[in-house]
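Spelled out from the first residue to the last, the chains are:
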Amino acid sequence: MVDHSIVAAAGTMAAATDGDRSRRARFVILLLCLGLVVAVLLSLTSGASDASPIGVISDWLFGAVPGDPALSARDRLIVYDIRLPRVILGVLIGAALAVSGAVMQGLFRNPLADPGLIGVSAGSSLGAVAVIVLGATVLAPLTLAFGTLALPLAAFCGGLATTLLLYQVATRQGRTSVATMLLAGIALAALAMALTGILIFMADDRQLRDLTFWQLGSLAGATWQKIGSVGPVIVLALAAMPFLARGLNALALGEATAGHLGIPVQRLKYTAIVGVSAAVGASVAVSGGIGFVGIVVPHLLRLLIGPDNRYLLPASALLGASLLLLADAVARTIVAPAELPIGIVTAVAGAPFFLWILLRKRGVIDL
Amino acid sequence: MIEARDVSVAIAGKPIVTGVDFDARPGEVAAIVGPNGSGKTTFLRALSGELAYTGRVALNGRDMSAMRPVEAATQRAVLPQATTLSFPFTVREVVKLGLVGGRSGVLPGEDARLPERALARVDLEGFAGRFYQELSGGEQQRVQLARVLCQVWAPVLDGKPRYLFLDEPVSSLDIKHQLIIMNIARDFARRGGSVIAILHDLNLTAMYADRIHVMHRGRLAAAGAPQDVLSDELIEKVFDCRLRVGVLPAGNVPFVLPQSAA
Chain H
1 MVDHSIVAAA GTMAAATDGD RSRRARFVIL LLCLGLVVAV LLSLTSGASD
51 ASPIGVISDW LFGAVPGDPA LSARDRLIVY DIRLPRVILG VLIGAALAVS
101 GAVMQGLFRN PLADPGLIGV SAGSSLGAVA VIVLGATVLA PLTLAFGTLA
151 LPLAAFCGGL ATTLLLYQVA TRQGRTSVAT MLLAGIALAA LAMALTGILI
201 FMADDRQLRD LTFWQLGSLA GATWQKIGSV GPVIVLALAA MPFLARGLNA
251 LALGEATAGH LGIPVQRLKY TAIVGVSAAV GASVAVSGGI GFVGIVVPHL
301 LRLLIGPDNR YLLPASALLG ASLLLLADAV ARTIVAPAEL PIGIVTAVAG
351 APFFLWILLR KRGVIDL
Chain E
1 MIEARDVSVA IAGKPIVTGV DFDARPGEVA AIVGPNGSGK TTFLRALSGE
51 LAYTGRVALN GRDMSAMRPV EAATQRAVLP QATTLSFPFT VREVVKLGLV
101 GGRSGVLPGE DARLPERALA RVDLEGFAGR FYQELSGGEQ QRVQLARVLC
151 QVWAPVLDGK PRYLFLDEPV SSLDIKHQLI IMNIARDFAR RGGSVIAILH
201 DLNLTAMYAD RIHVMHRGRL AAAGAPQDVL SDELIEKVFD CRLRVGVLPA
251 GNVPFVLPQS AA
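Protein chains in written order, with the UniProt record's numbering: chain H, 1 to 367; chain E, 1 to 262.
Any given hint might turn out to be false.
Distance windows between CB atoms, simulated [stated by the list, open to error]:
1) H:ALA351 x E:GLU134: 28 to 36 Å
2) H:ALA194 x E:LYS160: 40 to 48 Å
3) H:ARG310 x E:ASP63: 48 to 56 Å
4) E:SER136 x H:ARG267: 44 to 52 Å
So the derived list for chain E, only partly shown, Cβ under 8 Å to chain H, looks like this [what the hints assert, rightly or not]:
5) ALA52
6) PRO69
7) VAL70
8) PRO80
9) ALA82
10) SER86
11) THR90
12) GLY105
13) VAL106
14) LEU107
15) ARG121
16) GLU125
17) ALA128
It is worth saying that the hints were derived from the structure and are not from the lab.
Just so you know, these numbers come straight off a predicted model, no measurement behind them.
Glycine residues also receive a C-beta, built at the ideal position from the N, C-alpha and C atoms.
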């Protein structure tokens with residue numbers, strides 16, 4: 001019997017020597033798809049109630065067979081109304097954060113750009129907090145007009161404003177200075193956090209409880225209603241990203257050269273900024289700040305399949321989704337029956353990884 | 001052909017290029033020479049649509065400023081002085097980027113083989129699997145040229161000539177590769193395309209250029225065939241350097257001219 005994985009691996013090695021990593025990339029994406037399926041099943045079946053994976057699959061495929069119910073009524077409730085929304089939200093947000101990171105890195109032509117690091121998430125938080133605190137008073141027209149969409153919308157606007165400002169500050173004649181970008185990001189994040197602080201200061205007790213719950217960064221509050229309000233935004237933003245892949249590849253040569261190659265650079269940049277702001281804003285609106293997914297995932301994948309965004313973006317979506325589900329599983333179980341905010345898990349795992357990237361790149365990244 | 005009339009460029013209010021008239025004809029290599037800071041690169045960047053200019057530039061009879069990026073990309077390819085990459089692309093991946101927006105002009109099935117062919121042309125056969133960042137400056141410059149060649153592989157497309165804009169294509173190359181690259185440029189022109197090249201080596205310019213445009217302080221100081229343009233007076237005036245054309249060194253000082261290449 002032929003071992004297909006060995007054949008495929010040999011094929012990718014041969015491909016690597018002629019500089020064509022597209023076959024390897026497709027193979028990795030296939031593996032990541034399988035990985036995501038496994039992560040989803042694990043998330044659906046792990047927890048206080050031990051529904052078996054086979055039970056969940058057969059129940060989903062065939063429904064409950066009379067006389068031989070694959071899942072008990074209690075398990076069905078847990079799996080479909082508690083775990084499934086949480087898993088879907090985890091997949092959406094993990095994919096959104098990882099792809100946003102990859103797109104921002106392509107846009108800024110820098111492997112260190114990340115929505116969390118350079119203040120985009122802080123801007124989104126400001127928008128979200130503004131709606132939570134001022135939703136009944138100053139921003140009442142907004143909440144009236146958009147209902148449950150007001151929160152993600154405000155988070156989107158906050159993220160968009162930060163990204164646009166950052167781009168204006170850090171880019172001169174098509175060149176983005178990394179030092180300026182990181183420092184401007186720190187300044188903008190500090191400003192957004194200070195304004196958020198003022199809002200929190202103004203909040204009453206009920207709002208404070210909402211805020212604290214939200215700010216910790218968690219998938220715990222996942223409901224079908226939340227998925228309904230932010231899911232379409234994230235799906236739409238993610239669906240737009242593949243159209244940016246070729247342009248982002250050309251952008252690696254610089255803005256001028258990308259233009260010479262026939263890429264409408266301005267349109268590309270604004271689409272990318274709006275898409276990233278929408279995806280990050282929607283994620284922040286439901287789950288608070290979950291850091292480091294956007295920087296760790298694309299970086300790992302670039303080591304594996306190279307920087308071609310046509311493969312990097314879908315691969316990032318898959319790995320981001322899987323890793324966030326994994327982090328959520330850790331968050332749910334490590335201090336059971338209590339639950340750790342998922343933002344803490346991603347930071348504990350991601351921050352050392354980020355330092356490792358910096359150490360590896362010392363002398364390569366020109367600040 | 002490319003007709004530029006009365007082209008001026010100002011950057012931050014400071015005039016860099018003033019009133020330049022310039023023609024690039026199919027079948028010809030047009031060289032732009034001049035001292036550092038004379039506005040050569042700025043003029044080429046205006047021609048390639050990168051900088052705003054006043055005046056008129058027509059490419060194959062069409063107004064340049066009205067062209068969309070993808071239209072311009074099918075008509076001309078641009079080689080910048082140096083290109084840094086922010087991510088670890090392989091050489092093959094970089095060269096393939098030449099095919100991202102324009103039309104190479106080869107048959108559809110042949111596009112996949114084009115990166116290898118382009119690399120072979122610039123004497124980088126077997127480099128496809130190497131990482132761009134690991135190459136020397138001269139090798140990187142040749143990889144970029146291979147990418148540019150992919151973009152306009154056929155010098156004539158739909159009966160219209162296409163253009164290569166080369167900003168100091170041989171500045172970081174050894175003499176063998178200078179000759180290889182200049183021969184590629186000449187061959188592109190001879191097959192019906194047109195080449196605009198900024199050059200510093202006057203001997204190489206005299207050898208390969210059909211027309212020389214001399215820039216001086218943002219203006220066109222002279223234009224014409226090499227034998228008409230390269231004079232003692234012009235070189236002294238433009239380069240501020242007393243040199244004499246066609247004079248051999250005294251005694252037995254060795255000198256090597258590209259013209260002696262077999």
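key: Minimum beta-carbon distance criterion (8 Å), E:PRO80 to chain H   = Result: holds, 6 Å to nearest chain H Cβ.
query = Does the nearest C-beta of chain H fall within a distance shorter than 8 Å of the C-beta of E:THR90?
reply = Since chain H brings a Cβ to about 4 Å from E:THR90, closer than 8 Å, the hint holds.
query = Per the CB criterion, is E:LEU107 less than 8 Å away from chain H?
reply = 20 Å, violated
request  = Return the status of the interface hint for E:PRO69: holds when the least beta-carbon distance to chain H is below 8 Å, violated otherwise.
outcome  = 5 Å, holds
inquiry  = Using the nearest Cβ pair, does E:VAL70 come within less than 8 Å of chain H?
reply    = Holds. Min distance 4 Å.
query = Given E:ARG121 was flagged as interface, is its beta-carbon under 8 Å from a beta-carbon of chain H?
reply = Violated: closest Cβ of chain H sits about 17 Å from E:ARG121, beyond 8 Å.
query = Can we keep the E:SER86 interface hint, with Cβ of chain H closer than 8 Å?
reply = Since the shortest Cβ distance to chain H is 4 Å, the answer is holds.
inquiry  = Quick check on E:ALA128 please, does its C-beta sit within 8 Å of some C-beta on chain H?
reply    = Because about 4 Å separates E:ALA128 from the closest Cβ in chain H, which is inside the 8 Å limit, the hint holds.
query = Holds or violated: 48 to 56 Å for the Cβ distance of H:ARG310 and E:ASP63?
reply = 34 Å, violated
inquiry  = Restraint: E:GLU125 near chain H, CB-CB cut 8 Å. Satisfied or not?
reply    = Given a least distance of 12 Å, the restraint on E:GLU125 is violated.
message = Looking only at beta-carbon atoms, does the pair E:SER136, H:ARG267 fall within the given range of 44 to 52 Å?
response = Hint violated: Cβ distance 36 Å, outside 44 to 52 Å.
request  = Verify the interface restraint on E:VAL106: the C-beta must sit less than 8 Å from at least one C-beta of chain H.
outcome  = 17 Å, violated
Taken one by one, the earlier hints fail for this structure at numbers 2, 3, 4, 5, 9, 12, 13, 14, 15, 16, listed in ascending order.
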